[in-house]
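Please work from the sequences and hints to get the whole structure.
As given, the protein sequences belong to chains D and F, one line each in that order. According to this note's numbering, the first sequence holds residues 1 to 456 in order. According to this note's numbering, the second sequence holds residues 457 to 789 in order.
Treat the hints with caution; some may be incorrect.
[Stated by the list, open to error] Reference listing, derived: stretches of chain F covered by chain D, where coverage requires no fewer than 3 residues with Cβ under 8 Å from a Cβ of chain D:
id: 1; region: 487-496
id: 2; region: 524-530
id: 3; region: 572-580
id: 4; region: 771-777
By construction, these hints were calculated from the structure, which means they are not laboratory data. We put the beta carbon where it would ideally sit given N, CA and C, even for glycine.
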Amino acid sequence: MTAETERVGTGPVGWIGHLVDSAAAFPGHYGRLLAANRTRTIVLTVLAIVALTYPIVYQQVFAPFSRNVFPLPFPDETTVTFMTIFAIMAIGLNIVAGFAGLLDLGYVAFYALGAYTSAFFASPHFGSVSIVLFANVADGFPGIHLPFWLILPLAVIIAATFGALLGAPTLRLRGDYLAIVTLGFGEIVPIFFKNLAAITFTFSIGGATIISLQNVNLTGGPLGINPIDPFIIFGIGFGATSGIAAVYFGILLTIIAIVVARNLERSRMGRAWGAIREDETAAEMMGVNTVRTKLLAFALGASFAGVAGAFQASYLGATTSDFFQFSTSILVLIMVILGGIGNIWGVLAGALALTYIDKSFLPWLGTRVQAVAPDFPNPTQFNFLIFGILLVAMMRFRPEGFLPSRQRAAELSVHGLQDAEEEMGVEVETDNISIAPHGQAETDRSAELPSEEKDL
Amino acid sequence: MRSSTTVRVIVALLVFQVVGVLAFGPEAFFQTEIIGLSNGLIFALVALGYTLVYGIIELINFAHGDVFMLGSMMAFLLIGPIFAVTGATPILLKVGIILLVLGLTMLATATLNVSIERVAYKPLRNAPKLAPLISAIGMSFVLQNVGLLLAGPGNKSIDNIFGTANVLTAFGVEGITINVQQIFVAVVTVPLLIALTWFVRTTRQGRAMRATAQDPDTAGLMGVDVNRTIAVTFLIAGLLAGAAGVVQILYNNTTVWNLGFRFGLNSFTAAVLGGIGNLQGAVLGAIVIGFVNAFSDRFLSANWTNAIVFGVLIAILVFRPTGLLGQQLADRA
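In structure tokens form, the structure reads like this:
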């Protein structure tokens, strides 16, 4: 809190100053957190330590155990990396669907745009040119090769631009129509990536050719683009073959995503999102610029998927349009709903759990089942049967998710009551109905804030 | 349909014929149009299911396309492995089996659709509007996987039991083909469409449906059993989807577990195009979408067809959410 008064400057110097301040203030903050809510702080600390040490523990203990003693479904490096990728996406979708209440069924489009950003700007795909910028390839190597710290901002910009492009015409639409438009967009983008492989197109006016494209291969078609450079920092690659380095990079990106999302939620914009989610007309009356607010929700939400896509493509070293299907959009949506729409921690938990089940647990169960009963259908094939049942059951029995945000829980559970009362001409004051899961008062929250978030 | 609208639709169709013949030549144009019409009639059966349900409870029944898929899967199992119908089966037996399959499948999909409504949508009647939509998406994945469990991942094909004879040769027309399958599509769908119109317009239950669509609360106060009416709507939608499934497998001779997604979105686009909640609109929209599919497949590229259909869907929702013929109900978007 004292960091406010000790600001040393602006720009990078200021940031470093803030970081130093936060680091210095950390023990004190931690002590206050411990005093404010002991159980919560200890649980979070343990979880953070587990997350940070897991890759090493896996490498040293779990992997040898699974290999030599008995196969247990510990998530391996690939699974953990994908857990972080989906965590970033779920946090991003939560901004659109959770904070702003705009149901996006085509979120996979931005994931694809991010992946193809990596594919275009860090691969030998455009072999007729050679652009090498700070990248770890020899000069004159065919293709465009940009370093990751240019790829990630590019992915953010491209995804955010398309997010705003999708948002702009859909501003009038509400609810289910918006959902269908986003779905259509999510289907069209991969179709474009799949089909723009052999473009032959001539456009001429009065005999003068304006545009002439002959057999242009933009996206690699159904085969996609392969290989893609891995992200490289100081000679350490973050590709699928580099073991735990990629995992830590994923964890770092996820932490950044959480911090950004938390700050957005608490910003003026975050409150505006809450307002349009609750009642768009009322929000507009109170002076919220709904156009700007919605467009920013789409753009910012999309940029998270852009980062996730760029990381995924460079991690796998290849991308094709088949990665980006409607089912991926829905998988991310299920993560958000399962965890608790609107609550970043719930969404994070949902993403980690579902990706783990999808990528580690079901394949393990599959091999176990096949070993015992070879004729039994393999559960990996029916992951979406499980997820579908989960979605229907969640909507029916716990629509607010397992770790709900308090506002959404209140909205979803008193809604029926409110409708009934409204019809009788009685007004219900939602404020009086408090659904605080741990009996915390609203004022407790500010004391719980980790210091880094306030200072960033 | 108001008479001025009817006139406009007829004029638009005539202009389309003239422009099409001039642009593509008569043979290619009429041939494509026939294919489009056959596709469109099947889309119409499914689109009516979307439009009926949306008209009554304002739910995009995402699982509807997959109910249709299960219908076509069941028809595949009955016609292929179980009854083993081939082109060589005697004609009377063939007709009998088709009628039996049609009856069984329609019964099964109708039961399924009513059960889905019971399990997945009815408990959410008072929930926020997006809750049943998300539930429907979940249900769609469940049904797809049921199809996958039943039939496995590959395409499932039956013999072409109608043969490849061209009906038009009997009338001395060369160059354009109408085969028996296409006649069959019309023979099954057109009576069903007429029967549905009759049901909704003249019967007591049909009146209850229209009343519920306008205002469920007032309809309830006037003595309409709203829950029963909604169940009947899902029943009718299921019957039509089952019929569409049988027609689809006999027309295309192949089905696959994820057929419902694309087919369903085509049909939903048709329903939105015609003005969701509007029965005639759904049929008109379906025929237009059938044409769009057929013309895009033939004159552009099958790779782009889906993108074009989705583009049409987005364009309508964004620029004219009431559809071509307008909704029967106000303030939908």
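Hint check results:
| no. | hint | verdict |
| --- | --- | --- |
| 1 | 487-496 | violated (count 0) |
| 2 | 524-530 | violated (count 0) |
| 3 | 572-580 | holds (count 4) |
| 4 | 771-777 | holds (count 3) |
Checked against the numbered hints listed earlier, the structure breaks hints 1, 2; every other hint is satisfied.
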